[in-house]
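Engineer: Could you put together the complete structure from these sequences and hints?
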Amino acid sequence: MIDYLALYDKMRDNNIMLTFKGEVSFELINSVLKIMEERLDLVETSKKTRKKVYNVLVECLQNVCNHLETGEYSTENNLNKNALLIIESDKDNYHVVTGNHVAKSKVDMLKARIDEVNASDKEHLRDLYKKILDNGVFSEKGGGGLGFIDIARKSGQKLIYHFTNVDQEVVFFTLQIDIPRTEND
Amino acid sequence: MAEKKQLFATEIQVLEKYQALSNSSEASKEDVDVALKDLCEHYEDLLDQSKLITKVSDKLQNKLNTLNEALGQKNTELQLTIDELTKARLSRKAATYTLLLAVLLFFISEGVLDPIVEAFTNNIWVTMGVKASLALLLKPIEGVIEKYLIKMAMKKTAEVVLAAA
Amino acid sequence: MEKLYIDAKNNIPLIDFDPSSGIMLLKGRSTPENSVEFYDPINKWVLDYIQSPSNETIVKIQFEYFNTSSSKCILDLLKKFADIHKKGGNLKIEWYYEEDDEDMKEAAEDYSDIVKVPFEIIEIPEE
Chain A
315 MIDYLALYDK MRDNNIMLTF KGEVSFELIN SVLKIMEERL DLVETSKKTR KKVYNVLVEC
375 LQNVCNHLET GEYSTENNLN KNALLIIESD KDNYHVVTGN HVAKSKVDML KARIDEVNAS
435 DKEHLRDLYK KILDNGVFSE KGGGGLGFID IARKSGQKLI YHFTNVDQEV VFFTLQIDIP
495 RTEND
Chain B
-10 MAEKKQLFAT EIQVLEKYQA LSNSSEASKE DVDVALKDLC EHYEDLLDQS KLITKVSDKL
50 QNKLNTLNEA LGQKNTELQL TIDELTKARL SRKAATYTLL LAVLLFFISE GVLDPIVEAF
110 TNNIWVTMGV KASLALLLKP IEGVIEKYLI KMAMKKTAEV VLAAA
Chain C
29 MEKLYIDAKN NIPLIDFDPS SGIMLLKGRS TPENSVEFYD PINKWVLDYI QSPSNETIVK
89 IQFEYFNTSS SKCILDLLKK FADIHKKGGN LKIEWYYEED DEDMKEAAED YSDIVKVPFE
149 IIEIPEE
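Chains as they are written, first to last, in the numbering used here: chain A, 315 to 499; chain B, -10 to 154; chain C, 29 to 155.
To be clear, the hints were calculated from the coordinates, so they are not data collected in a lab.
We put the beta carbon where it would ideally sit given N, CA and C, even for glycine.
Hints may contain errors.
Selected chain A positions facing chain B (in silico; Cβ < 7 Å) [what the hints assert, rightly or not]:
id : residue
1  : F340
2  : E351
3  : V372
4  : L460
5  : L473
6  : Y475
Under 7 Å between C-beta atoms, here's a sample of chain B residues computed to sit facing chain A [unchecked claim]:
id : residue
7  : Q62
8  : T65
9  : E73
10 : A147
11 : L151
Structural biologist: Structure below.
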């Protein structure tokens, strides 16, 4: 039996603007965007910040959607197309978090890709993007890590990730992007 | 600037009239008193007008900003929809290719495969079995074609994004 | 005196001035490139009308939006109508705004502050 009041309080204290668990479809993305459009309009006065949060949200959702559709990081017989989405805010930042299950065997590749993106500046990101497109990497399953580059470019922030063990084969991967709330606009 | 000149035609007339008066050395006290009163009235009018049109202009600017933001968001939603539609279109394309492949396989099976199989066995179940396995292959083949087409489309989009950056 | 009727277009409002009934309707959008050109004949008509206005003149205004130069022309127009009131005649201005259009409501209030005649600001449902 869930303590609903505690949950409510926790969500309020952490300023959770939206949470979702389920399949990330095109319709879902549209719905989330519509809700966040309105919420951001109410709480955020800086147009620049609103725009940034919105754009980062689009990229993160598309990223997780692609991962699940192509099964790029999934286990062999993975039927789990469900993901977690949380958007929260504190006085300094907005936090956009997506989470989904990945295969333990793919963790290193995932880490390497994100680390490379985090270590790159704007110029380097461009080159990386081009490299992925030109290489055969793109012709494998999935987007080859382009999604992470899109997120990095749109947010201008480091991608923060966590891996939590689930069982022998599966790990829960969360990706967090912090977007600072600018004071002036 | 011709339009702006006509917009304030009355005000310009008033100004010119009283500038002439102020420059002339023959103005009587009464003339000046009347002129001052009139000028004050016009000045007040002009001030009211300026306040009004500044407010109007500010509001229009605000409206523009809001619409701009909404436009940006609509654009994003539009792009997502276009991507979905493209996927649907490519899915149909893949189905069409697979259908053509099926027809081709049919002819090949009739013309080439049958004689070969019959040379080895008369068992109807074998011939049926061969045809059935070919038929079953069609679905996965369609899946592969669809994934490939979507991949190519995504690559194209990514290249556009890169070029625009 | 003849009626004055100008069909509304993308950037000019509907003008329907009836000298016999005294109902003067301005409705739509006013963003012509040359506002002076558009409002000049209307001004002339009004100058003519106020020589012998109808028993009661009601100016009904319903703008979706107007650009800055139109705002001055509209003010000038309303001031001309206001002469009827100054001369002791019966004049009323009714400014309609759609609910949620705070900007238009405020604009109407600004106009009523400058044009000192019986002025009614009326909210109508969104069209």
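Engineer: Would you mind marking each hint as holding or not holding in the structure?
Structural biologist: Status of the hints after comparison with the structure:
For A:F340, the interface hint holds, since its Cβ comes within 7 Å of a Cβ in chain B; the closest pair sits about 5 Å apart. Here the hint on A:E351 is kept, as its CB sits about 6 Å from the closest CB of chain B, short of 7 Å. Satisfaction of the interface hint for A:V372 is found here, the shortest Cβ-Cβ separation to chain B being roughly 6 Å, below the 7 Å cut-off. A cut of 7 Å between beta carbons decides the hint on A:L460: the least distance to chain B is about 6 Å, and the hint holds.
With 7 Å as the threshold, the beta carbon of A:L473 stays out of range of chain B, its nearest partner Cβ sitting at about 18 Å, so the hint is violated. Because the smallest distance between the Cβ of A:Y475 and any Cβ of chain B comes to about 22 Å, over 7 Å, the interface hint for this residue is violated. For B:Q62, the suggested interface contact is upheld, since its CB lies about 6 Å from the closest CB of chain A, less than 7 Å. The beta carbon of B:T65 is positioned within 7 Å of a beta carbon in chain A (closest approach about 6 Å), and the interface hint is therefore held.
At about 5 Å, the closest approach between the beta carbon of B:E73 and any beta carbon in chain A falls short of 7 Å, and the interface hint on this residue holds. The interface hint given for B:A147 holds, since its Cβ lies 6 Å from the closest Cβ of chain A, which is under the 7 Å cut-off. Taking 7 Å as the C-beta contact cut-off toward chain A, the hint placing B:L151 at the interface holds, the least distance being around 5 Å.
Checked against the numbered hints above, the structure violates hints 5, 6; every other hint is satisfied.
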